[in-house]
Every structure is written in structure tokens, then in C-alpha cells.
Amino acid sequence: MLLPKFEYQRPGDLGEALQVLDDLGEEAKPLAGGTDLLVNLKHGTISPRMLVDLAGLAELRGLASGKGRLSIGALTRVSEAAESRKLKGPLSVLAQGASKLGSPQVRNRATVGGNVCTARPAADLAPPLLVLGAEAVLAGPGGERRVPLPEFFMGPGQTSLQPGEILLRLEMDRPGAGSGGGYQKLGLRKALEISLVNAAAFISLGDDGRTIKKARVALGAVAPVPMRAPAAEKALLNKKAGPRAFALAAEAAADEARPISDHRGSAQYRREMVKVLVGRALDTAWQNARGK
Amino acid sequence: MDKMRITLTVNGVARDLLTAPNRTLLQLLREDLKLTGTKHGCGEGDCGSCTVLMDGKPVNSCLVLAVQADGRSITTIEGLAEGPKLHPIQQAFVDKGAIQCGFCSPGMILSAKALLERKKRPNRDEIRQALSGNLCRCTGYQKIVDAVASAGRNQKPKGR
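Residue numbers (our numbering), protein chains in the order written: chain V, 499 to 790; chain Z, 3 to 162.
Since the hints were derived computationally from the structure, they do not count as laboratory data. One or more hints might be untrue.
Stated by the list, open to error - Rough simulated footprint, nothing fancy, chain Z against chain V, three-plus residues with beta-carbon under 8 Å: (1) 545 to 555; (2) 604 to 612.
As the list claims (entries may be wrong) - Below 20 Å or equal to it, Euclidean Cα-Cα: the simulated DMTMM-like pairs (lysine to aspartate or glutamate) are: (3) Z:Lys121 with V:Glu581; (4) Z:Lys59 with V:Glu581; (5) V:Lys688 with Z:Asp127; (6) V:Lys527 with Z:Glu46; (7) V:Lys540 with Z:Glu33; (8) Z:Lys59 with V:Glu578; (9) V:Lys688 with Z:Glu46; (10) V:Lys540 with Z:Asp48; (11) V:Lys540 with Z:Glu46; (12) Z:Lys5 with V:Glu505; (13) Z:Lys121 with V:Glu578; (14) V:Lys503 with Z:Glu46; (15) V:Lys688 with Z:Asp48; (16) Z:Lys5 with V:Asp551; (17) V:Lys527 with Z:Asp4; (18) V:Lys503 with Z:Asp4; (19) Z:Lys122 with V:Glu581.
Note that this is a predicted model, so its numbers are computed, not measured. Just so you know, even glycine gets a beta-carbon here, dropped at the ideal spot from N, CA and C.
Modelling step: build the complete structure from the supplied sequences, incorporating the hints.
Now the structure itself:
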């Protein structure tokens, strides 16, 4: 498959990149890992005049934690997120999501920022980032701004990025002790697959090591955007962690989901699978919270 | 669309090339360097037949722009054998009957090489995981897994 004609530029720093993107507007597209962009170029879905390679932007690199916060640069490779020691413990839900994206070859090129900015409903990194309470840090002609991730996803393939803006990094609070997360992905096969349904859960246990003090549940591929499941979260708050609470939360999540029927599966089946996956994700989160 | 100059190492040899930006690494390897061991299958990152190692890591060369490979080190299937002597992984594929039409083999072998460089004796699950980005339409995968497991067991301490 052939690529269409385009020009290519590789700015040396953020300022240069923002200048080019501002100048060219819709005629330019930023290039990160390219695992989605090149497919779209080959299919003719997009036809930018210029690709702006972000690889030279040090400002977009780095997986760092400090002062109780974790910062993930937009150019962080998905394979790095899947394997990083810095994403152990309760942060492992993000590593779990990363490890399920695409294939080893795709993960070695795809970036965390790319997966977030392509904003597919089935994106593997979205539910984990949502349950970790991540916010997107953007840069553009107007300067830097922060957007909580639920507000960043606007529709399938649509984000709140304004013209000339790019994603710099994702930031989140480091979860405390006694908390954990889990990610579940269902597809027609085990790899190189777009989720039929995916789900992430995060819980934080109280001092008794049993009562759920904080709960977040997120679903993918069952709505126009990756979504939080507030009714499921409410069903978990102040309950004792365990199969009964998890089952009720999973039911609530299935009711909140807004799946459609498509070539991968029916809406009814997706709804059923939300229930199964949320239950499993909560199980994993609980084990993770107990240090397993 | 002006051509751009890139410098990359391919199978240990530094190459200085001119290319238009709208070409993939796959095209560069096959058309400019005549290294046709790397295959064009789906062209969209879904089959793995275009797998090469970039700085030691398996990537789909159909999704890498040639200009993005500037300054990088690429290993293709042609880089494995030493003259007439096959690389141990290649030999294992031959010995175990893991090659039928051979189209997936270069990609499979390179993915396996990357695995065996970071994991001494992978189990069958780990092998399948590592090869999950490489599709085979002929073999049903069993003998491919056998070959990689065998190569893993026979690896010399400093592993080639």
C-alpha cells in the first residue's frame, strides 16, 4: 500500500513545532508513533500537506514521578508503559492496558499520547487513564492548559484539542497504599485486536483493608467515547470489597453502557460483557490493592 | 516533495541514502537496498510479515517512514546468517518444519530473535505472546512455537 504525497518536517523543539502547526492549521498533522496515522494516510482517510514529526520534542518525553504525581510524556512508547518499573502497584492498570494494545511490533512504535489523541472509543489506554484520574496537559498558541481526561474525549476520534494544540503529557496523582486497579479487554482474538468491550477499575481501601473508600470504573467501546461509570462507582463506595459488591457494580455498569451493534458484536452482547469484564477488573483491582 | 538524506545502519553496515518522505522503511529496504527478505503483506501493521528489528526491537516496517529510520540501526532477516551458516533460530525453523511457504518466516524469526535476546528459555505462552504480531496462514503455529522453544533451549550462554 502506497503513501500519498506529503511534506515532512521535524522541528527541534516545542516552540518550533507549535509555530509550524499554527501556521499550517488543518494542512498539517502531527506524527508520533505513526501506527494509526500511516494507516489513515494509506487508506486516504486523511490527506495533510505536511507531517510534523514530534520526535525531536524533549518536552514530550519522560515517565517521571515526584511530589505525589506521575507524569507520562505524550511520546512515551506503549511498550515502555507496558514494561516500566514506574508503573507497578496500583499504577499497573495502565501497564495492563498498554500490554494489550495491538501487537509487540505496534507497541514498540505507538505512543501513549497517540492512543489518547486518536480518541477511539475502544482505545486501550483510555479506561486505565480514566480510572487513574488523569488529566491532559496541552500546549498551543494560547499557552499551556489542563483538561481532565473525561472532558478531553468529545466523540469518536474527536478531542478538545484546539487548532494548533498538541498533547504534552498526562498527569495524575500517585495512588496511595491499599489501592489497586485492573484492566480487562475482550476481543475476537487475543492480540492484534480492537476491543469489543474493555473495562478498567480502580479501588482504594480504607484502614480496615476491606471497605472501599474510592472507586472508579471506566468502559470502552460501549459509547461514543471511553466513559466513566458513575452508577457503578456509587454502588461500590463504602461497601466491603468482594464478589457481592462487585456483582452489583458490574450490573450498574452494564446498565450505564451505551453500546451499539456492529460487525464485532451486538449491543446486547456488549452489555452482557460489560458486566463480566467489570466484575473481573474489580477482582484484579482488589488483588492488586492487597499487594498481589 | 524534495528528497531527504538519511543515514542508517542496516545489518551492521552504514548506509547513506536519499529518499522522498512519503516512503516507508519497508519500501526503502526492499526497493532501494534490494533486501527483499522483509515482506509486504497487509501494509497496515496487521500481519507482521514486514517485521524488522529497529535498535533491537521488532517493528512493522510498513508503518515506519524511511525518514524516521534516520540514525537508527536496522536488522533484517538477511542480517542473521553468517555466509552459508544459518543463525540458530533459522536452523531451528528448518529442523522443526516450521517453514511452509516461508512468507511469514522472516518476521517470525526476527520477533523470535528479539524474544530470545531478552528471555533465556521462554515457555510456550511467552513465545506465543512475543509472536502475537506475526500471522501465519500455513502452519497453524505449532511447529513455529516448537522451533522457538528449541532455539531457546539450545541457546549458548552469550546467545547470538
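Under the criterion that the straight-line Cα-Cα distance not exceed 20 Å, is the pair lysine 540 of chain V, aspartate 48 of chain Z satisfied? Roughly 14 Å between the alpha carbons, so the hint for lysine 540 of chain V and aspartate 48 of chain Z holds.
Keeping to a limit of 20 Å between CA atoms, is the pair of lysine 5 of chain Z and aspartate 551 of chain V held or broken? holds, 16 Å
Measure nothing beyond the straight line between the CA atoms of lysine 503 of chain V and aspartate 4 of chain Z; if it is 20 Å or shorter, mark the hint as holding. holds, 11 Å
Given the hinted pair lysine 688 of chain V and glutamate 46 of chain Z, is their Cα-Cα distance within 20 Å? Distance of about 19 Å is within 20 Å: holds.
Cut-off 8 Å, C-beta pairs, minimum 3 residues; does the coverage of the region 545 to 555 of chain V by chain Z stand? holds (count 3)
Given the hint that lysine 503 of chain V pairs with glutamate 46 of chain Z, test it: the Cα-Cα distance must not exceed 20 Å. Since the Cα atoms of lysine 503 of chain V and glutamate 46 of chain Z sit roughly 17 Å apart, the hinted pair holds (cutoff 20 Å).
Test coverage of the region 604 to 612 of chain V by chain Z using CB-CB distances below 8 Å; three residues minimum. holds (count 3)
Given the hinted pair lysine 121 of chain Z and glutamate 578 of chain V, is their Cα-Cα distance within 20 Å? Given pair lysine 121 of chain Z, glutamate 578 of chain V holds - Cα atoms ~17 Å apart, limit 20 Å.
Just to be careful, I want the Cα atoms of lysine 688 of chain V and aspartate 48 of chain Z compared with a cutoff of 20 Å; is the pair within it? Given that 20 Å is the threshold and the Cα spacing comes to 13 Å, the pair holds.
Given the hint that lysine 5 of chain Z pairs with glutamate 505 of chain V, test it: the Cα-Cα distance must not exceed 20 Å. holds, 10 Å
Is it true that the CA of lysine 688 of chain V sits at most 20 Å from the CA of aspartate 127 of chain Z? The given pair, whose Cα atoms are some 12 Å apart, holds under the 20 Å limit.
For the pair we were handed, lysine 59 of chain Z and glutamate 581 of chain V, check the Cα-Cα distance against 20 Å. Roughly 14 Å separates the two Cα atoms, so the pair holds.
Checked against the numbered hints above, the structure violates none of them.
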